[in-house]
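The numbering of the sequence shown is numbering that gives the first Met the number 0, which starts it at 0 and goes up by one.
These are calculated hints, taken from the structure and not from any lab test. Incorrect hints may have been included.
[Said to hold, decoys possible] Pairwise CB distance ranges (calculated):
no., residue 1, residue 2, range
1, SER418, SER518, 23 to 31 Å
2, THR547, GLY459, 32 to 40 Å
3, LYS371, GLY459, 30 to 38 Å
4, LYS50, ASP448, 18 to 26 Å
5, LYS371, THR571, 30 to 38 Å
6, ASP448, THR291, 28 to 36 Å
7, TYR444, LEU314, 57 to 65 Å
8, THR380, LEU314, 43 to 51 Å
9, VAL392, LYS239, 43 to 51 Å
10, THR380, VAL538, 29 to 37 Å
11, ILE458, ASP397, 23 to 31 Å
12, GLY313, THR547, 49 to 57 Å
We treat Cβ as the ideally placed atom computed from N, Cα and C, and that holds for glycine.
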Amino acid sequence: MISVYKPSIIIFLCFLHLISIPGFGQNKYAVLVGVNDYYESPTVKSFHSLKGCVNDALSMKSLLINRFGFDKTNINLILNEKATQNNLINVMAATLTKSNAGDVVLFFFSGHGIYIDNVALNQDPIKKGYNQSLIMSDLYSPGYACLVKDNTLKKVFNQFVAKKVILTTIFDCCYSGNMSMTISSQLMQHNPYVNDAINDTTSLKSIYIDDLDRMSRAVNMTVMPVITDKEIVPRPSETKNSNFAAISACKDDEKASEIWDESGVPHGALTKAILSTYEKSKLDVPLLKLLTKITTEININQHFRQKPTFHYDGLRNLNNLIGLPLQTTIKPLSAICIGVKTASITLNVGYNDGFAIGNVLINKGNKVTISKITRDSASATFATGHQVKTGDVFILKDHFRLSSPILKIYIALANVSVSSYMSYVNREMLPLSKQKNYIDYFNWYNDPDSPTFLSSISIGERNKISAYAKNQNFAVLLPLPKDMAASIKHFFRKDQSIAFVNIQKDADKVLYLNYAVKSKNNQNPCFVITYRDGLNGFVDQDIYKFSTFFVKLNQITLNPSAMASMNNSLKTITYNLARTRGSNWFNSYTKR
């Protein structure tokens, strides 16, 4: 007997099947806040304004649309002067009203963060007298209205959790660890407003309190803000099965950095790490893996001090960033040609859409490479003979990014082999190092009058140096033997962030060797590779003989394994040195 179902029953059964699929029918909402522009009055911009926060918010919007299928009408952008506490609370309230159990909401903030001295909680063992706060754009608002306190945020977030909404919060700002949490008992190991001696302080997403308020601003920040608040608000994650996740750029007492990416576009370091992870992943990423990659990127690959901080319900571990099951397919990024010239085209996408200089896109047999980029458009070159026309759709095929070097290095070079080099060391350097006024990497002090000599690896140099130095303390810097220099250059040959130059004046730093004797700070004689400013000629007088960046070698006759170890150690100090020179993002794509 054959059963025949009515069309209406079939449709109903199909509907039941569809709603059983995870994620089907769920609405996805986002509230993205980016504050570059801070105002001392409605018309006067503060010099503490930032550069990359709006880019952060716009790039997150593109990520949510392209990677996670958000409807752009469900994404609320709150940028610059629109970023006030009232606007934020109202938008969050409207989002809460629209949301139902099982819906997804993502809250993102990029801007300044600050600490608040809460004297009412001085005796509290957890809070230890402090609250955290987001700083909105209207610094002039009376009654500290520009500060969105952690208690305020927790109250808002708890409403979403209570409604069984899957909530994710991302804070790319200073002092953001535990922003939506209770402050940890380890907080305040030091005053967060002490200058941490970071070179590129202008890139930090914090406001120095003693720099802030000038005369008329209603929020007086010449001292840490003091707001009395006895209330203890439960953390969103304290609710069982909360499905809540909080991602912060740094710990409670740390500052977060702004960076300049491979194309020279400013971003927050956390946001850039998130974007980079998805850029390099063809598949969806579980939250646990994403957080590991973020930490590795910021601390290991990029050498930033800030420690990303995460709090989330364990139920979120294997789901993706927004709390849904992993997607099985990822749609590639695409662009439309909107203009054609002789050897280049204009595309309708820019850096806020996830594209960058060096990206390769294809359309059938045509291949183009992005050469220039703005926020919402890009220029791309193509090979002669390709037929490209307006309206052609190009698919992003290769995420390669092209960038300029961050650090340029000159190697002081001795055009001799290691064996000849060691003959010089034994003949000339060892007798010099036995003189009581010889100083080396491990036993020197700042003395502007003592000479520093640059060896030329020549016969009779010992006598020449001794005669010039007389009874003064003196140091000797050595060029590197050609075998070692060649190995170093070969090791870095494909690195886009580090470049070796052939003229010393073109370099940011020079690489030298130094022979160190046995001393209280050095158990055995050794060689030290170190970066420093270049010497001018045979002898120079300088205060700083050596830099803090060095690699210690027991000998310079190295087998392949020891040479590889030396190069890896040199890479670490080279990137540490490059990081002191600013917040440029190290390019992980090898040179082509």
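Taking the hints in turn, this is what the structure says about them:
Taken as a hint, the range 23 to 31 Å holds for the pair SER418 and SER518, whose Cβ atoms sit roughly 27 Å apart. A hinted range of 32 to 40 Å holds for the C-beta pair THR547 and GLY459, which are about 34 Å apart. Roughly 56 Å separates the CB atoms of LYS371 and GLY459, a value that falls outside the hinted 30 to 38 Å. For the pair LYS50 and ASP448, the beta carbons lie near 43 Å from each other, so the given range of 18 to 26 Å is not met.
Restraint check, LYS371 to THR571: a C-beta distance of roughly 34 Å satisfies the suggested window 30 to 38 Å. Distance hint check: the CB atoms of ASP448 and THR291 are about 52 Å apart, inconsistent with the given range 28 to 36 Å. For the pair TYR444 and LEU314, the beta carbons lie near 58 Å from each other, so the given range of 57 to 65 Å is met. Take THR380 and LEU314: their Cβ atoms lie about 48 Å apart, and the range 43 to 51 Å holds.
For the pair VAL392 and LYS239, the beta carbons lie near 48 Å from each other, so the given range of 43 to 51 Å is met. About 50 Å separates the C-beta atoms of THR380 and VAL538, a value inconsistent with the hinted range of 29 to 37 Å. Judged by the Cβ atoms, the range 23 to 31 Å given for ILE458 and ASP397 is violated: they are separated by roughly 54 Å. Checking the proposed 49 to 57 Å range against GLY313 and THR547 shows it is violated: the Cβ atoms sit about 41 Å from each other.
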